[in-house]
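A.B. asks: One letter stands for each residue in the lines below.
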Amino acid sequence: MTAVAEQVAVDFARQREVVAALRAFLPQSSILFDHEDVKPYECDGLTAYRQVPMVVALPETEDQVCRILKTCHALKVPVVARGAGTGLSGGALPLGNGVLLSLAKFKRIVEIDERARIARVQPGVRNLAISEAVAPLGLYYAPDPSSQSACTIGGNVAENSGGVHCLKYGLTVHNILRLRVATVEGDIVEIGSEALDAAGYDLLALITGSEGLLAVILEVTVRLLPKPEYAQVVMAAFDDIEKAGQSVANVIAAGIIPAGFEMMDQAATRAVEGFARAGYRTDVAAVLLCETDGTREEVADEIRRVQELMDASGAVQTEVSRDEAQRLRFWAGRKAAFPAAGAISPDYYCMDGTIPRRRIAEVLRRITQLETKYGLRCANVFHAGDGNLHPLILYDANLPGELDRTEAFGAEILELCLEVGGTITGEHGVGVEKINSMCVQFKPAELEAFHRVKRAFDERGLLNPGKAVPTLTRCAEYGRMHVHRGQEKFPDLPRF
Amino acid sequence: MQDIIDKLSRLIRDAAAQKRPLCIRGGGTKDFYGGPVHGYKLNTGDYRGIVDYEPTELVITARAGTPLAEIEAALRQKGQMLAFEPPQFGEGSTLGGCVATGLSGPRRPYSGAVRDFVLGVRILDGKGDDLRFGGQVMKNVAGYDVSRLITGSLGTLGVLLEVSLKVLPLPVSETTLRLKCTEAEAIERMNRWAAQPLPITATAYRDGDLGVRLSGARVAVEAAAKKIGGAPVAPAQAEHFWTGIREQTDPSFAGDAPLWRLSVKSTTPPLALPGQQLIEWGGALRWLKSGADAKTVRDAATRAGGHATLFRGGDKTIGVFHPLPPALMKLHRNLKQAFDPAGILNPGRLYADL
Ligand SMILES: Cc1cc2nc3c(=O)[nH]c(=O)nc-3n(C[C@H](O)[C@H](O)[C@H](O)COP(=O)(O)OP(=O)(O)OC[C@H]3O[C@@H](n4cnc5c(N)ncnc54)[C@H](O)[C@@H]3O)c2cc1C
Numbered sequence: 003m004t005a006v007a008e009q010v011a012v013d014f015a016r017q018r019e020v021v022a023a024l025r026a027f028l029p030q031s032s033i034l035f036d037h038e039d040v041k042p043y044e045c046d047g048l049t050a051y052r053q054v055p056m057v058v059a060l061p062e063t064e065d066q067v068c069r070i071l072k073t074c075h076a077l078k079v080p081v082v083a084r085g086a087g088t089g090l091s092g093g094a095l096p097l098g099n100g101v102l103l104s105l106a107k108f109k110r111i112v113e114i115d116e117r118a119r120i121a122r123v124q125p126g127v128r129n130l131a132i133s134e135a136v137a138p139l140g141l142y143y144a145p146d147p148s149s150q151s152a153c154t155i156g157g158n159v160a161e162n163s164g165g166v167h168c169l170k171y172g173l174t175v176h177n178i179l180r181l182r183v184a185t186v187e188g189d190i191v192e193i194g195s196e197a198l199d200a201a202g203y204d205l206l207a208l209i210t211g212s213e214g215l216l217a218v219i220l221e222v223t224v225r226l227l228p229k230p231e232y233a234q235v236v237m238a239a240f241d242d243i244e245k246a247g248q249s250v251a252n253v254i255a256a257g258i259i260p261a262g263f264e265m266m267d268q269a270a271t272r273a274v275e276g277f278a279r280a281g282y283r284t285d286v287a288a289v290l291l292c293e294t295d296g297t298r299e300e301v302a303d304e305i306r307r308v309q310e311l312m313d314a315s316g317a318v319q320t321e322v323s324r325d326e327a328q329r330l331r332f333w334a335g336r337k338a339a340f341p342a343a344g345a346i347s348p349d350y351y352c353m354d355g356t357i358p359r360r361r362i363a364e365v366l367r368r369i370t371q372l373e374t375k376y377g378l379r380c381a382n383v384f385h386a387g388d389g390n391l392h393p394l395i396l397y398d399a400n401l402p403g404e405l406d407r408t409e410a411f412g413a414e415i416l417e418l419c420l421e422v423g424g425t426i427t428g429e430h431g432v433g434v435e436k437i438n439s440m441c442v443q444f445k446p447a448e449l450e451a452f453h454r455v456k457r458a459f460d461e462r463g464l465l466n467p468g469k470a471v472p473t474l475t476r477c478a479e480y481g482r483m484h485v486h487r488g489q490e491k492f493p494d495l496p497r498f
Numbered sequence: 041m042q043d044i045i046d047k048l049s050r051l052i053r054d055a056a057a058q059k060r061p062l063c064i065r066g067g068g069t070k071d072f073y074g075g076p077v078h079g080y081k082l083n084t085g086d087y088r089g090i091v092d093y094e095p096t097e098l099v100i101t102a103r104a105g106t107p108l109a110e111i112e113a114a115l116r117q118k119g120q121m122l123a124f125e126p127p128q129f130g131e132g133s134t135l136g137g138c139v140a141t142g143l144s145g146p147r148r149p150y151s152g153a154v155r156d157f158v159l160g161v162r163i164l165d166g167k168g169d170d171l172r173f174g175g176q177v178m179k180n181v182a183g184y185d186v187s188r189l190i191t192g193s194l195g196t197l198g199v200l201l202e203v204s205l206k207v208l209p210l211p212v213s214e215t216t217l218r219l220k221c222t223e224a225e226a227i228e229r230m231n232r233w234a235a236q237p238l239p240i241t242a243t244a245y246r247d248g249d250l251g252v253r254l255s256g257a258r259v260a261v262e263a264a265a266k267k268i269g270g271a272p273v274a275p276a277q278a279e280h281f282w283t284g285i286r287e288q289t290d291p292s293f294a295g296d297a298p299l300w301r302l303s304v305k306s307t308t309p310p311l312a313l314p315g316q317q318l319i320e321w322g323g324a325l326r327w328l329k330s331g332a333d334a335k336t337v338r339d340a341a342t343r344a345g346g347h348a349t350l351f352r353g354g355d356k357t358i359g360v361f362h363p364l365p366p367a368l369m370k371l372h373r374n375l376k377q378a379f380d381p382a383g384i385l386n387p388g389r390l391y392a393d394l
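Line by line, the protein sequences are chains A and B.
The working numbering applies: residue 3 is where the first sequence begins, and numbers increase by one.
The working numbering applies: residue 41 is where the second sequence begins, and numbers increase by one.
These are computed hints drawn from the structure, not numbers from a lab.
All residues carry an ideal CB built from backbone N, CA and C; glycine is no exception.
Be aware that a few hints might be false.
[As the list claims (entries may be wrong)] Covered, in the sense of this in silico footprint (three residues per stretch, anywhere, with C-beta under 8 Å from a C-beta of chain B), are these stretches of chain A: (1) 166 to 173; (2) 205 to 211.
[To be verified] As a list, the in silico DSS-like pairs of lysine-lysine whose alpha-carbon atoms are at most 30 Å apart: (3) B:K267 to A:K229; (4) A:K78 to B:K370; (5) A:K245 to A:K375; (6) A:K170 to B:K267; (7) A:K170 to B:K118; (8) A:K72 to B:K370; (9) B:K59 to A:K445; (10) B:K167 to B:K335; (11) A:K445 to B:K370; (12) A:K445 to B:K47; (13) B:K266 to A:K170; (14) A:K229 to B:K266.
Can you build the whole structure from these sequences, using the hints too?
C.D. replies: What follows is the structure, given as structure tokens:
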């Protein structure tokens, strides 16, 4: 098992060498290496994995970032970029022989162009801070991860983060125009443009979601959208998962693209009600939230149709938010799902697969069977509109063997997602967490193509090495433990 | 169908071994686009057909040789569409060509470009390896986003075999309005409207006329039409107008002068360039019919925060696409090397040294 792996001990001679090289241009306060100073950086939001970094660098200028990169490149020291550290897949997990490059000091909104509806921001700006800054202009930045009050735009770009509204408004990749990045060699490159496209390959898309493996993001130009005039949400309760799943398909089939479409199973609504009192029924199999936005006329029309469709799909109860306060209360429950899971269980493990919508009920049923198999409870919340599941496996890390069982349970959920035609990660990234599952999703030639992409940007493999894409050797090892669907995945590779 | 893939793969392998260039071709409707076409023709037209289409998933998967018209007809039957309104530029235009050129129509600034709707691809790379990236679901961050990298790469990174696209419902109602104004006023209006929650799905300006298309729920379209003003255009005439813009059959594209495509920041004031212009995409796209020299056009695009493409006609030896700064070009070369080490896939179609 990989979690709680033994920490790599710091090589103090190497540490002294790197610190000395960085001191040449960084103030002392921007370099941390004492154990108690670097300890706070030992993990991101996936706390089961921890490793103290050899050195933490906290630059304040682009020039400093470039010089850090040049220095590390020359000394062959790996570099891990970090935003707010809210990532859920261990993407910002430090390396014991590496430099953790924190972009936390890059907090400036550089420019807001109201007429062109774009904002140019530094990578450490929080997601929500952008929408707050442009709210007086009637604009907002659409992607809204639940962590938006803490996570940074740099991290969002690196993970291609989504949010509850991405069915209608897209992911990070759909809402950015341009990036200013530093290559591993410390050169600055501008990717994309202020126009709607750029000449050459779509490197903007390639870098988005690349988990800090291709370049360090120094500046992001985001698109801003006009705030919808009005929004309303329908809450629908179902006593049957099958019907709940079908209702999602029915709404889409009717030609409606809701602004948000979320589903919670009974375990989730119970956890949430105890925590946030959102007004959900807890005696039903599932609760759905379906939001529409637009002009008042449009919303009135669409919300009525959604309610009718929910009723026709067999909802035991539907309720339309009367006012803004109630709409926010309905959402408050969903948005508190993770902390609510934390309140009913010592630990929880958040999964992130995506499946075709039509398989929702089937997948939930099979997760229930897995709960019995592993002897663990699981609460399910998900972005039903785009089939992105977040099963929350509840466990207690202090009970021997429970974390291992949890991880095995999680891996089996991901394989279930693949089996029904989905993917192992919808928005949280692969990081260190799902690296083995990548061996199941992709065949060796595809993984090799990923490695070649990596080398096209980072020949020496110094940017966030070991994350996101497994080596073939690792897959062979994993495959040995784990023969996939009766087929050997890596028949040509040596086994050990 | 696997036999076709095997054959294509063999052709690629042989070409790679002999370093013989291949010219990938679907329906041949976009031969005019990009650098000079040369090499042995690798036809993808036989690899056709819709593989999977489930309307409630909002996803269609089809083989690259499938005619766009066939895809759009299948979608229309279920009340759905390709929301990026790809131009066809002639009969027989295929899905592969659409994705490889990455060209989108009038709806682009309001709904997104081809690349925004691509969810996954299956390709043969320059070694003939059959690879899949992305998938058939809306949200997927496993592995680098090779699907979008391939989109618009003009066949220089791989031969597209299959593509999965997100689709959207057809709007319930649609209205086109026509307003008389100057070019500067048109640009100002397009940007002002875009900052308001209005259901605009296309804008175009030429010769004193600004066309605006509204699409969506009837009530929303009617309310927006009141706010915008102007004269409503009869549906058949509106359809003809937007098709003319999308397919470049509109009179403003006629004539022998080279056609330039300037993709710029939407607020860019009227460009003082000789020749005839048509503005689209809320101000972000300027079509220019002009004999002006390349440097003049490219400098204007650069100053406007964008880039210029020699779209049709003219002297291709000056380079069809906007030159890239050296650091960026180096990344392009490295990526080309990663996918097509022998340099045989559509060489020179995008940049001379790719
Ligand atoms: C309670 C909670 C709810 C969440 N909800 C959602 C959700 O709804 N949707 C969603 O998508 N995610 C969600 N997340 C996950 C997480 O918030 C996102 O992945 C977020 O984008 C991470 O941002 P960060 O600034 O914390 O990045 P970090 O965790 O610091 O880093 C994430 C990755 O990005 C890289 N990185 C960071 N900054 C840069 C940079 N400047 N240049 C290059 N690489 C960089 C890191 O190396 C790492 O690989 C949630 C997390 C929590 C804890």
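A.B. asks: Okay, which hints does this one fail, numbers in order?
C.D. replies: Number 10 only.
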